[in-house]
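K.L.:
Below are the chains, spelled out letter by letter.
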Amino acid sequence: MKSLTEYLWMNTPTERALINITPQVAELVRKSGVHEGLVLVNAMHITASVFINDDESGLHRDFDRWLEKLAPHEPLAQYAHNDTGEENADAHLKRTIMGREVVVALTNGRLDFGPWEQIFYGEFDGRRRKRVLVKIIGE
Amino acid sequence: MKSLTEYLWMNTPTERALINITPQVAELVRKSGVHEGLVLVNAMHITASVFINDDESGLHRDFDRWLEKLAPHEPLAQYAHNDTGEENADAHLKRTIMGREVVVALTNGRLDFGPWEQIFYGEFDGRRRKRVLVKIIGE
Amino acid sequence: MKSLTEYLWMNTPTERALINITPQVAELVRKSGVHEGLVLVNAMHITASVFINDDESGLHRDFDRWLEKLAPHEPLAQYAHNDTGEENADAHLKRTIMGREVVVALTNGRLDFGPWEQIFYGEFDGRRRKRVLVKIIGE
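If you read the protein sequences in the order shown, they are chains A, B and C.
Okay, so the first sequence: first residue is 55 according to this note's numbering, each after it adds one.
Okay, so the second sequence: first residue is 55 according to this note's numbering, each after it adds one.
Okay, so the third sequence: first residue is 55 according to this note's numbering, each after it adds one.
FYI, nobody ran anything at the bench for these hints, they're computed from the structure.
A few of these clues could be false.
The list cannot tell twin chains apart, which means a pair is met if one copy fits it or any two copies do.
What the hints assert, rightly or not - Below 20 angstroms or equal to it, Euclidean Cα-Cα: the simulated SDA-like pairs (lysine to any residue) are:
1. Lys56 to Ala131
2. Lys85 to Leu124
3. Lys56 to Pro169
4. Lys56 to Arg164
5. Lys85 to Asn65
6. Lys56 to Glu90
7. Lys123 to Gln78
8. Lys56 to Glu110
9. Lys56 to Pro129
10. Lys85 to Glu69
11. Lys85 to Leu58
12. Lys85 to Thr138
13. Lys56 to Gly163
14. Lys56 to Asn162
15. Lys56 to Gly87
16. Lys56 to Glu193
17. Lys56 to Gly180
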């Protein structure tokens, strides 16, 4: 069994952002030399997400508005977590909707994707250095 | 390490549907000859889902109504994604709630399931040919 | 390839509960002897969840209130599933938001976690014996 472990550093200039990290993951798949296996990609911080969807800017605006409706940032006092001095309780909830991780099949040495699948980093509490873990196992 | 990769084709006659794909996945597990390992089952399209829950028709109606409440199909103009000519922005959101994938343990050559666990394909933008990926790795 | 399969038994005294199971999972990782690989941790029941977030009691209250807003327990008659004699339709929906499973990387024989990541069992229909599956594969 081969394995490869790498960390991608993220630091978004805005509070919320969606970033396509497919090229970086695909490059690590090549580097790993794994032909048949699995790749796990996960946010290592609990106010961020890794998910798969379409790289379409209108959809990304829809995600942003929709998450704000399901888990609004304000009023801050609606969340007990914000009593700790944080203002990011909503970011924990938004990340929960979007998910922490994806597991993707590697087939013939490539990400085995449908036509529109792309891997995104979802940031909901930005302007901090955070990491994404990429773990590849297989043969 | 053994591995097996197969694709299930789906094409639902209705816009939305939940289909139990456990028998097909179990058959592929047998075919793989893997006794200890993992199986990844994921939708390859970003308006569809693979998830695990109960095979109970009332619950399936509840899922459908609930998703329509959290991410309504109409009005179409509420979603920027629909400005591209699509009418399926809500399907992207519904699939996000339900999840893209499941990872299931294989133990003694079988899906290691609790008493009510069943694998479902969730379609939220049907009447198109789409694929589900089944990837099995282990020994 | 090495593997290890274990089951954690849960039985919460309350209807809903969040329980940190990181120590148990970390102990099983040690027991497995796996240095590089993956661990799958999943609820085996469809009204419970396994997820990763912060071990902060205020946040846990926020999760509880938020889930009750997105998928309220009452009125019971709003859910077709409850016509079967169950009263737990909302628990199926809450578990869907929180997720069935997590997959965590094992690196150098340890859970490869960010600074605040902890694994939780989420119970939404308690006072019953239920199991959590821990499956470790790697080398």
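K.L.:
Work down the list of hints and note, for each, if the structure agrees.
P.N.:
Verification of the supplied hints:
Taking the shortest Cα distances, Lys56 and Ala131 never come within 20 angstroms of each other, neither inside one copy (49 angstroms) nor across copies (49 angstroms). In this assembly of identical chains, the alpha carbons of Lys85 and Leu124 never lie at most 20 angstroms apart, being 39 angstroms within a copy and 41 angstroms across copies at closest. Taking the shortest Cα distances, Lys56 and Pro169 never come within 20 angstroms of each other, neither inside one copy (28 angstroms) nor across copies (27 angstroms). In this homomeric assembly, Lys56 and Arg164 come within 20 angstroms of each other (Cα to Cα) both inside a single copy, at 15 angstroms, and across copies, at 17 angstroms.
Taking the closest pair of Cα atoms, Lys85 and Asn65 never come within 20 angstroms of each other, the shortest separation being 24 angstroms inside a single copy and 36 angstroms across copies. Taking the closest pair of Cα atoms, Lys56 and Glu90 come within 20 angstroms of each other both inside a single copy (10 angstroms) and across two copies (9 angstroms). For the identical chains of this complex, Lys123 and Gln78 are neighbours neither inside a copy (31 angstroms) nor across copies (36 angstroms), given an alpha-carbon limit of 20 angstroms. For the identical chains of this complex, Lys56 and Glu110 are neighbours neither inside a copy (35 angstroms) nor across copies (37 angstroms), given an alpha-carbon limit of 20 angstroms.
Taking the shortest alpha-carbon separations for Lys56 and Pro129, neither the intra-copy value of 49 angstroms nor the inter-copy value of 50 angstroms comes in at or below 20 angstroms. Taking the closest pair of Cα atoms, Lys85 and Glu69 never come within 20 angstroms of each other, the shortest separation being 32 angstroms inside a single copy and 41 angstroms across copies. For a Cα distance limit of 20 angstroms, the shortest separation of Lys85 from Leu58 inside one copy, 8 angstroms, qualifies, whereas the shortest one across copies, 22 angstroms, does not. For the identical chains of this complex, Lys85 and Thr138 are neighbours neither inside a copy (42 angstroms) nor across copies (36 angstroms), given an alpha-carbon limit of 20 angstroms.
Both within a single protomer and between protomers do Lys56 and Gly163 lie at most 20 angstroms apart by alpha-carbon distance, with minima of 13 angstroms and 15 angstroms respectively. Proximity of Lys56 to Asn162 under the C-alpha cut-off of 20 angstroms is found in both arrangements, the shortest distances being 15 angstroms within a copy and 14 angstroms between copies. In the homo-oligomer, the alpha carbons of Lys56 and Gly87 lie at most 20 angstroms apart both inside one protomer (8 angstroms) and across protomers (17 angstroms), since each shortest distance falls under that limit. Taking identical chains as interchangeable, the C-alpha atoms of Lys56 and Glu193 lie at most 20 angstroms apart whether they share a chain (6 angstroms) or sit on different chains (9 angstroms).
For the homomeric pair Lys56 and Gly180, neither the shortest alpha-carbon distance inside one copy (34 angstroms) nor that between copies (39 angstroms) is at most 20 angstroms.
Checked against the numbered hints given earlier, the structure breaks hints 1, 2, 3, 5, 7, 8, 9, 10, 12 and 17 and satisfies all the rest.
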